[in-house]
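Colleague: Sequence:
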Amino acid sequence: MSANRPAAVVVLAAGEGTRMKSATPKVLHAICGRSLVGHVVAASRDLSPEHLVVVVGHAREQVQAHLADVDPSVRTAVQHEQNGTGHAVRMGLEELSADGAALDGTVVVVCGDTPLLTGETLRKLSETHAAEGNAVTVLSAEVPDSTGYGRIVRDAGGAVTAIVEHKDATDSQRAIREINSGVFAFDGRLLTDALGKVRTDNSQGEEYLTDVLGILREAGHRVGAAVADDHREILGINNRVQLAQARRLLNDRLLELAMLAGVTVVDPATTWIDVSVEFEPDAVVQPGTQLLGATRVGAGAEVGPNSRLSDTVVGADAVVSFTVADGARVGDGASVGPYAYLRPGSELGPRAKAGTYVEMKNASIGEGTKVPHLSYVGDATIGEFTNIGAASVFVNYDGEAKHHTTVGSHCKTGSDNMFVAPVTIGDGAYTAAGSVITKDVPPGSLAVARGQQRNIEGWVARKRPGSAAAQAASTARQESEGER
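Anchor point for the sequence shown: position 177 equals 176 in numbering that gives the first Met the number 0, and the numbering is continuous, going up by one each time.
Read the hints as simulated data drawn from the structure, not as lab findings.
Heads up, a few of these hints could be off.
Stated by the list, open to error - Simulated pairs of lysine-lysine, DSS-like, Cα-Cα distance not exceeding 27 Å:
1) LYS166 to LYS123
2) LYS411 to LYS438
3) LYS411 to LYS401
4) LYS401 to LYS369
5) LYS369 to LYS438
6) LYS369 to LYS411
7) LYS462 to LYS401
Fair warning: this is a prediction, and the values are worked out from it, not measured in the lab.
Based on the provided sequences and hints, a complete structural model is requested.
Modeller: See below:
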């Protein structure tokens, strides 16, 4: 095992988080596409630890089920009663030791509500711990205002002599801007031994992890600190205000990375993306856009303004504007919107179009095919270079089951068509405007399915005498007769 590779990472996620005022456990609240604890687990994985255990307590079944989805190899330990952070770490180590896990190396302890913490910072903590030969190393940060935080007190050699809480600090200690983050790197064996010596004779009657530092120092071991490059990384989440602040900070970080990689974000203040979103260079994101889940935007593609894409792939040079898309695929050079809705299973081929007020679901649209406006295409396959007339509906549901419609290549369908599935329109076929297509149309045929028009002369005068329509008709008739 590498000297800097931790033997274990212990994530503390047992608390209830009452200040969130939510039925959802605090660590399961999400920002930028991941739960709070999911972000911490991802950062911890960057260290490649031998073991990763999350200590759960409140709503543990719900948290355990979530973790199984996030990272199936994560172990969980149960803290049945919230008896303090020291007790929580002890539960985590006991879970690992039950299987004979060796904790000869570094054990990193992190909080499950610190979503801004990065793997890079945890790596720096672990490397500092190893390089200085510390028994414990505190992740600290220098903040503009340290009011309310525990201060890091060091000696002339830089070793940590104490962590002093704000209420207990002297005036000179309160002037210290370096604070405790609650994240630590420990020598595994020394930690296990010291946890057995932690007492509960305090106002809360709990086992405090911070007491381990004093125990180790009194035993002659060195306590050090590694300062985070960005103090905002250590921010914990206790209420919805802090949740929103963290979301803004993380979103800004993600957008900055995207822009530095060659993506144009026109207005970062109104653009929101998840951690799992991917871009290719020269993609453009217009204002008011949300990109969520496994969305990927290709090179030269333009998304937005005012669009929401979830788990959607946008091909190179495609344009997607004023659109909601969920689980869709947009081909290279395709055009979507404005005001389109692509539901799951919608696939547009290269240079295809889903235009204004078009909704699609479970539909495959071939290369160069256009569905320009005011149409619904559901459970359908449309070939290449076909044009679907305005206000067309693919009638796919008979009240009990969905049925499929197939339209071939190089077809021209008229406006206001109803395609009653199951039905097939052959290659090169035409359909007349206003038709209700219930039977297959052979290739190259023209389908006309509408009633014969009949004009009933004088109907308005007889049925609506004295109405504005009758007066207008009478005037028009007199003018026409005068012209003759």
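Colleague: Next pair to validate is LYS369 with LYS411; report whether the Cα-Cα distance is within 27 Å.
Modeller: holds (10 Å)
Colleague: LYS401 and LYS369: Cα distance at most 27 Å?
Modeller: holds (23 Å)
Colleague: Check whether the Cα positions of LYS369 and LYS438 lie no farther apart than 27 Å.
Modeller: holds (23 Å)
Colleague: Does the alpha-carbon distance linking LYS411 and LYS401 stay inside the 27 Å limit?
Modeller: holds (24 Å)
Colleague: With a cut-off of 27 Å on the C-alpha distance, tell me whether LYS462 and LYS401 pass.
Modeller: Roughly 43 Å between the alpha carbons, so the hint for LYS462 and LYS401 is violated.
Colleague: Given the hinted pair LYS411 and LYS438, is their Cα-Cα distance within 27 Å?
Modeller: Given that 27 Å is the threshold and the Cα spacing comes to 17 Å, the pair holds.
Colleague: Need the status of pair LYS166, LYS123: alpha-carbon distance at most 27 Å?
Modeller: violated (30 Å)
Hints 1 and 7, counting from the list given before, are not met by this structure.
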